[in-house]
Amino acid sequence: MAQDTIRSQGYERRAAFGLVAPTASIPSAGDAYARPSAIACPVANDGRLEADYLIIGNSAAGVAAAETLRACDGEASILMVSDEPYAAYGRPLISYLLEGKTSIDRVGYRDAGFYDRNRIATLFGAACKVVSIDPEAHEAACADGTVIRYGKCLLATGSVAFVPHIEGMEGRANVHRFMTLDDALGAWEDAVESTRRAHDEGCESRVIVIGGGLIGAKAAEALSHHVDEVVVFEHNNRILPAVLDEEGAGIVQRLLEPHGIVCRPGMSAEALVGEGDRVVSAHLTDGSDLPCDMVVMAVGVRPASSLAVDAGAEQGRGLVVGRDLQTTLPDVYAAGDVTQVSDRLTGAQRPLALWPNAVHQGRIAALHMAGVPDAPDFVDSFAVNAVDFFDISLLTSGIINPSEGDGCEVHTFVEGDEYAKFVVRGGALVGYVLLNRPDDAGVYTSMIEDEVPLSSLEGDVFSRPVGNLDFSEDVRWRRLHKGYPGTLDEFGWSCDPGVRPDSGTDSGSGTDFGTGPDCCAGRGVAFDSGVGAAFDSGASADSDPVSSSDSGADPNPDSSSGSGSGSDPDTSSKSRQRRSELLSGRASEEGDFA
Amino acid sequence: MKRIYAIENWCIDCKRCEVACKAFHSSYRDAVKAYQLEDETAFERVRVEGGLMRSVAVNCRHCAHPKCVEGCISGAMRKDPVTGVVTSDPDKCVGCRTCVSMCPFGCVRVEPAGVKAIAIKCDLCGDGAGEPGEPRCVAACPNRALIYVESEGC
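Here the protein sequences line up with chains A and B, keeping their order.
Reminder that position 233 of the first sequence reads as 233 in this note's numbering, one-by-one numbering, no gaps.
Positions in the second sequence are counted from 1; adding 1000 to them yields this note's numbering.
Chain A on its own, in the form it takes in the complex (with noise of 0.2 Å):
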């Protein structure tokens, strides 16, 4: 059968839905990513390398820390050592890579110029892997046996795959690892040849990812695009067990099945049957057997806490830091995913794998680390994770799944694919669910982070998205006005009371009344499209627009207000009877708005 009049199912479905990403070349990430940094670490006589700051680990926590070190600290040696050779690079966009998103050559998380022009040295490489760690001589040593001598090292290490034994699964080409850049493009590659190879037999490419959650669901979404169909097995009665409700995991499962992608919770594979150096089956719980052209382990991720722990470091579920993520080995900090964190909600303490995380606690330990005063220290935090698959969104924080007895209230919306959920307890929002909802999430977020009593809102909030507008005035002013002017009243006015609203002069848009169009009409922006008719002027659409100057701070320092919510009651008061003086004056002489 000639190959080209081959056409699986999945293949049509995918071209359907417009998901066949160009496959003609995988790119090498080696040719995008070279040795990242020209600045040279400095040796000691004793041939050790040596640096004020050593940062292990070259992801979220890593980068966050270094430019804030860089930033607190103008003349200090930085040194950063990763065993991934390349610079660093947004680890959750691995998927979006396979589906055509982004590219290699825009997956970096930061410009190419990044770590010469904050000059930190770095060693990136499997021979660069920090293999133990004396914390007593401050050494660190790497796999190839440099020794670093540092003042203070941070461990960036992040989280490392868990990777349960399943029989069958040892010495595999086909089992791949949905982790880093290289799993990802390794993943790519099997997956296009797998394809092409099962074509020619004439029959559907599979792989079989083991593990339904985040990982594995994003591993699941990104190989959809280039095999007929993935079987995502997940050990838990629901997919996205650690971010996701029942319903919502039932909704999302169905979602993705139009897309090749079969969910199979409840359901693992025992083993794992291979043919030489590759899996062709595995084995299934149920006692079945499902024919595969690649498996992807994502079970699970743990924190890469060993270098710590080894050295006699506190370990609960992740490491344990202090208030200024220092670990109990002193001089050595650590964060990301490698630490343990207090959940503020529920205050359990456990990792919280996410990126916002990590990039937060790098920037504070790194403030600690250079002994700025009054840094702020790292308490307690909460899980918010954003993720989609195809057209689907889906935002969840917090407190998701509250037991009976926890004193929670949950409300649910459900409108077709729409699902969302609200959490509540002691009157204030502790967790949701926003399924297809996704407007207006952060807005929720800050609810939840800050406490915001629920009484205090109006309007029912929950029904539809949160908006400013549900805050009282005197909330929703303070939370939009920050850095608002003091020398301007509520009313945008200045406190000055020489100065009159109209003359141009006073701190404002500089936009007279009547005026509008003619300010839209220049810099190309046409707006005479009848739309300002009411306040036709007569301006040409070539006018040059009103500039927008402000005075800048008010001289006069009586009218000074100091305040960012606006001016002192006296102040306001007597703008607003002034104003009002003049507007009754205004009306009869000008006409504006006639």
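No wet-lab data here; the hints were simulated from the structure.
Since we're looking at a predicted model, the values are computed, not measured.
Do not take every clue at face value.
What the hints assert, rightly or not - Simulated restraints, written as ranges between beta carbons of each label pair:
hint, chain 1, residue 1, chain 2, residue 2, range
1, A, G74, B, C1154, 22 to 28 Å
2, A, D105, B, G1051, 42 to 48 Å
3, B, D1013, A, R119, 50 to 56 Å
Said to hold, decoys possible - Taking lysine-lysine pairs in the BS3-like style, the calculated list, with each CA pair at most 27 Å apart, reads:
hint, chain 1, residue 1, chain 2, residue 2
4, B, K1079, A, K482
5, A, K482, B, K1015
6, B, K1033, B, K1116
7, B, K1033, B, K1015
8, B, K1116, B, K1079
C-beta atoms are modelled at their ideal positions from N, C-alpha and C, and glycine is treated no differently.
Starting from the structure of chain A, add chain B where the hints point.
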């Protein structure tokens, strides 16, 4: 840096700010064409919350310590170290919505852009990333409910 502040008391819910924003950020740079020809690139970045007894335009606050920048997995969302303007690089953005989940004001949205979706938010009408320009919403507001003034202390 200068920021746009909304003066709620003057807002009349006319949404000219949204129209001007959408027009400026469209490929046609023309309000009628942006709407009538359904320009796929045109999304307004300021939104008026209203339809009620009060209304207010909400746009990105270009925060001193932006949560969106902290959360961005691709490095697309950046705060310019000199100008302070927060912008998202549409080439690097993959539309994961981490920024949406973190913005306390709900002023970043993710909208379709070809094969992917990207974060859309106020960029102070600049010509380039991180460069502030002349905000069109401020110019369009007929009632001075939007002002563009120098912030204090952040």
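Hint check:
| no. | hint | in the structure |
| --- | --- | --- |
| 1 | A:G74 to B:C1154: 22 to 28 Å | 23 Å, holds |
| 2 | A:D105 to B:G1051: 42 to 48 Å | 45 Å, holds |
| 3 | B:D1013 to A:R119: 50 to 56 Å | 52 Å, holds |
| 4 | B:K1079 to A:K482 | 17 Å, holds |
| 5 | A:K482 to B:K1015 | 23 Å, holds |
| 6 | B:K1033 to B:K1116 | 24 Å, holds |
| 7 | B:K1033 to B:K1015 | 17 Å, holds |
| 8 | B:K1116 to B:K1079 | 23 Å, holds |
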